[in-house]
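Chemist: Next come the chains, spelled out residue by residue.
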Amino acid sequence: MRVMYFAWVRHKIGISQEEVSPPADVTDVASLMRWLAGRSPGHAEAFAQPAHVRAAVNHAFCQPDHPVGPDDEIAFFPPVTGG
Amino acid sequence: MRVMYFAWVRHKIGISQEEVSPPADVTDVASLMRWLAGRSPGHAEAFAQPAHVRAAVNHAFCQPDHPVGPDDEIAFFPPVTGG
Amino acid sequence: MATIRVQEAPFDQQAEHAALMAGRADVGGIAAFTGICRADDGLAALVLEHYPGMTERALAEIAAEAERRWSLTGCTVIHRFGRIGPGEPIVLVLTASAHRQAALESCAFLIDWLKTGAPFWKREEFPDGTGRWVDAKAEDDAAAERWRRA
Amino acid sequence: MATIRVQEAPFDQQAEHAALMAGRADVGGIAAFTGICRADDGLAALVLEHYPGMTERALAEIAAEAERRWSLTGCTVIHRFGRIGPGEPIVLVLTASAHRQAALESCAFLIDWLKTGAPFWKREEFPDGTGRWVDAKAEDDAAAERWRRA
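Residue numbers (this note's numbering), protein chains in the order written: chain A, 30 to 112; chain B, 30 to 112; chain C, 1102 to 1251; chain D, 1102 to 1251.
Keep in mind that a hint or two might mislead.
[Unchecked claim] With a Cα cut of at most 20 Å, we get these calculated SDA-like pairs of lysine to any residue:
id, chain 1, residue 1, chain 2, residue 2
1, C, K1238, B, A66
2, B, K41, C, G1230
3, C, K1238, D, D1127
4, A, K41, D, T1231
5, B, K41, C, D1236
6, B, K41, C, Q1202
7, C, K1238, D, V1148
8, A, K41, D, A1140
9, B, K41, C, T1231
10, D, K1238, C, G1129
11, D, K1238, D, V1148
12, B, K41, C, A1237
13, D, K1238, A, P79
14, A, K41, D, H1200
15, C, K1238, D, G1129
16, B, K41, B, A66
17, C, K1238, B, F90
18, C, K1238, D, H1200
19, D, K1238, A, R31
20, C, K1238, D, Q1202
21, D, K1238, A, A80
22, A, K41, D, Q1202
23, B, K41, C, V1235
24, B, K41, C, A1140
25, A, K41, D, G1129
26, A, K41, D, V1235
27, D, K1238, C, H1200
28, B, K41, B, P108
29, B, K41, C, H1200
30, A, K41, D, A1199
31, B, K41, C, V1148
32, D, K1238, C, A1237
33, B, K41, B, A77
34, D, K1238, C, A1199
35, C, K1238, B, P108
36, A, K41, D, D1236
37, C, K1238, B, W37
38, A, K41, D, W1234
39, B, K41, C, R1224
40, C, K1238, C, A1140
FYI, nobody ran anything at the bench for these hints, they're computed from the structure.
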């Protein structure tokens, strides 16, 4: 699956996107965040406070219990500040 | 005193303004309207339904009981439709 | 201090917008409303009459009230009179503020008040030479009234 | 059908305004909101990041919702990204309708939703080279929320 990072989430992790293949027990956004947090100190810092991170699956905002699969594009970012 | 007419009030009366010297018992907007109504058939038509006519004294909207005097400029017109 | 203009000529919205920005670093948003002459029922033109002297005073009072109620960095009201063809602009309200809510609300306030508090009268003219005075709308009174309660 | 653009370049508000009028006789009012980069705290620039692909989708959904809720003759949303200096415009919302209330309300709705529903992130840059990500505001959530109740 493709994972994308924006704003300070991207800054902390140091890359804007990556292809990952998490284990089978990663089934939703919340478990994907926990698994990603173990990939590097930057990932750990970005996901240290999961409540501060928002997610989108395939270009739609979604909640932590939203399912994720190998063909999905999942993005993580802070609350939006456009307009 | 100077009296001014706008929109269909002006159309019915046929003039846009006139100088008038009403008798002493014309002391407010309502009594001025009644007195003006007697000046011509056009005036009578314009003031036939006083509730449909609005007034301003010296450039400020006012109610029928607003006093009027010889140095005032009084305007009569329909409800406004700008904007 | 608001900019108030009552004029027969068209206005330049872009220039008015730029004037509200000129020399300022504190403008975060500009709300605008442009009222336009619709071609209802095959209308040939609107003819707008106003009460010179009173009009400028009424517009200045309305704009001053907006500046009292909201924190604005600037405010422009331009209302045309005379003959206005379909598709032509009639009125322009611009409000500038550090914050969008003040700009949006004061713009709506001003156009609602203009409809009921400025001495303008519209006459519709049709291609066959006939005409009719536009009646005031109860909904315009209601729109102005909601700001009175605010 | 709304016009949606996500672009780095500045926009031409006058041209967008004219596009909403082109070939139409039923436009009675156009409401506009321009969001502008303030020079807060000696800001050097804002840098706006967005999520290409999702941004266009989110803006189109927001505009379609406005067109469902109000009777509009047209609607334009342009949001810039990249580096934007103080005094430069960031976002433009234009809504056209036969009636002013629909134009004014839908314009306010769109800008309130954009603040909370479009994937943009602002970073402030200062003359000394430092920067900070702008935090989301609780008041923006509240502003968007009031339309949810409507």
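Chemist: With a cut-off of 20 Å on the C-alpha distance, tell me whether K1238(D) and A1199(C) pass.
Modeler: Between K1238(D) and A1199(C) the Cα gap is close to 15 Å, so the pair holds against 20 Å.
Chemist: Against the 20 Å threshold, does the CA-CA distance of K41(A) and T1231(D) hold or violate the hint?
Modeler: 16 Å, holds
Chemist: Are K41(B) and P108(B) close enough, with their CA atoms no more than 20 Å apart?
Modeler: 16 Å, holds
Chemist: Is it true that the CA of K41(A) sits at most 20 Å from the CA of G1129(D)?
Modeler: 50 Å, violated
Chemist: Take a quick look at whether K41(B) and G1230(C) sit within 20 Å of each other, Cα to Cα.
Modeler: 18 Å, holds
Chemist: With a cut-off of 20 Å on the C-alpha distance, tell me whether K41(B) and A77(B) pass.
Modeler: Roughly 11 Å between the alpha carbons, so the hint for K41(B) and A77(B) holds.
Chemist: Hey, K1238(D) versus G1129(C), does the alpha-carbon distance stay inside 20 Å?
Modeler: 15 Å, holds
Chemist: Checking one constraint from the list: CA of K1238(C) to CA of F90(B), max 20 Å. Satisfied?
Modeler: Measuring from Cα to Cα gives roughly 18 Å; hence the hint holds.
Chemist: Are the Cα positions of K41(A) and H1200(D) separated by 20 Å at most?
Modeler: 49 Å, violated
Chemist: Run the distance test for K41(B) versus Q1202(C): straight-line Cα separation, threshold 20 Å.
Modeler: 45 Å, violated
Chemist: Would you mind confirming whether the straight-line C-alpha gap from K1238(D) to H1200(C) stays at or under 20 Å?
Modeler: Holds, at about 13 Å.
Chemist: What's the verdict on K41(B) and V1148(C), does the C-alpha distance respect the 20 Å limit or exceed it?
Modeler: Holds, at about 17 Å.
Consistency note: the structure conflicts with the earlier hints numbered 1, 6, 7, 8, 14, 19, 22, 24, 25, 29, 30, 32.
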